[in-house]
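Novice: Kindly produce the complete structure, drawing on both the sequences and the hints.
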Amino acid sequence: MALPQGRALFDQRMTDSLPAALKFAIRLTGRIDAAEELVQEAMLRATRSWATYRNEASFHTWLFQIIINLHREFVTRKRPHETLEQDSTDPNQHPPDAIAAGNELEFIVARCVSELPIRQREVLVLSVYEGFSTEEIAHALQTTAANVYSTLNVARSKLRARLEKYLNMASERVIP
Amino acid sequence: MRETNSESDPLDKLLLQARWPEADAERLRRLQSRWQELSAETSLQRTPLPPALFAGMRAHTVMVGAPVAAALLIAFAFWAVRPSSQTVTSDQDDLTAELPLTLEKFEPESLEREESQVVVTQETTEDVVQAPALVREPTMYELALVARHRHRSGMADSSAAPDTTVIVTQNQLPLEDTAELLKALSVPNVSKRREAARQLAAKQDPQVSAYLIRMTQNEAVRREALIALSLSTDQVAQRYLQHASQDLTIGPSLRAIQVMLSRR
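Going down the list, the protein sequences come from chains A and B. The first sequence begins at 820 in our numbering and counts up by one. The second sequence begins at 55 in our numbering and counts up by one.
Misleading hints may appear alongside valid ones.
Which residues of chain A face chain B? A few of them, derived with a C-beta cut under 7 Å, are [as the list claims (entries may be wrong)]:
1) P838
2) L841
3) I845
4) M862
5) V894
6) F926
7) V928
8) V973
Examples of chain A residues toward chain B, derived with CB under 8 Å [stated by the list, open to error]:
9) T834
10) G849
11) I851
12) Q859
13) V932
14) L935
15) V947
16) R975
I should point out that these hints are in silico values taken from the structure, not numbers from a laboratory. Nothing here was measured: the structure is a model prediction, and the numbers come from that model. The beta carbon of each residue, even a glycine, is placed where N, CA and C say it ideally should be.
Specialist: Here it is, written out as structure tokens:
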């Protein structure tokens, strides 16, 4: 029977996708607790609308779409803009040498990403950290590839301006 | 399709260094167990069809089912109170629509039932007309009503009307061509109606005459039926015409038809 097989396959795909979904939610929200709550809501919504899932798009894209929509609802309706669990200090207050000595730069970059406006954050995270192509991002965000491209450029410009002091260090540093 | 080159742009290198707080294994296990719970809870609710479609089906069932149920209830109530025998039909009824092709459907028994019921109706009507409370002269409409009942009672009176019940029980009813001609008596084209009446009269068939006599009760085809009967030399038709010429309802129409036919 097709239905139980489809159900079992859906369960399996969801179980396999949970780590990636949680990581994606953390990158979007910048907080672990919020990300866990987001993924739980996404699971609930997925159980309600799993019949609408078709194999046309990848399961990842479909699940990420749910997470993105829920995140927008969280930010615009329920919760104010929230940042990382780390103390929200201005990255420019720390001397670059001191930052480069430890892991703090990595958290500062992450916080700068998580402080971008929602649409720019979504595009940047999907592009840089999830490896989505422009077309896949456009499909996930229900927009055009040109819009994705321009949004990505705006986000990169903002980050470049904000992280200008660390750019030279990053080029010298070896990524473990 | 990545638009940037991470090897040439230091921003990309910096972005790849970003590090978010990592979820521990306990959180992930919690999410997985939560998913298993959700999956088990919603397994029975899952369906390949969208819920909106089910809502539409439910609405459709109510919208269609309720009128159908009401119609069935009304039909049942109608047939429950309807008398078992078929009474005298309305003048607007189209007798040609139910032309009998076999003898059983011509049902002489129903004629007998009509007879008894019409007699009762006539007595009632006469009682009303002759009631002491009536202090005015009857109107033309009332007179016409009485005349109609008398005509029908006369039709049902075995001593006055032709013995159609005996005639129709003798053989099978006319064939399909006769049925077609009987139906043609009510077509819109006048010349076709007249032609059908002539052809029916030419058959000189007592069974056809008996059916034409029944058709005279229907105002829509009465004139054509009377024409056919007037043109026929069949004995049943002749006996009926003698009886009908004295009838208040049919008499004037019959005389006009006879005048029209005599001029041709």
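Novice: Each of the hints needs a verdict: does it hold here or not?
Specialist: How the hints compare with the structure:
no.: 1; hint: P838; in the structure: holds (6 Å)
no.: 2; hint: L841; in the structure: holds (5 Å)
no.: 3; hint: I845; in the structure: holds (5 Å)
no.: 4; hint: M862; in the structure: holds (5 Å)
no.: 5; hint: V894; in the structure: violated (17 Å)
no.: 6; hint: F926; in the structure: holds (6 Å)
no.: 7; hint: V928; in the structure: holds (4 Å)
no.: 8; hint: V973; in the structure: violated (13 Å)
no.: 9; hint: T834; in the structure: holds (6 Å)
no.: 10; hint: G849; in the structure: holds (7 Å)
no.: 11; hint: I851; in the structure: holds (5 Å)
no.: 12; hint: Q859; in the structure: holds (6 Å)
no.: 13; hint: V932; in the structure: holds (6 Å)
no.: 14; hint: L935; in the structure: violated (11 Å)
no.: 15; hint: V947; in the structure: holds (5 Å)
no.: 16; hint: R975; in the structure: holds (6 Å)
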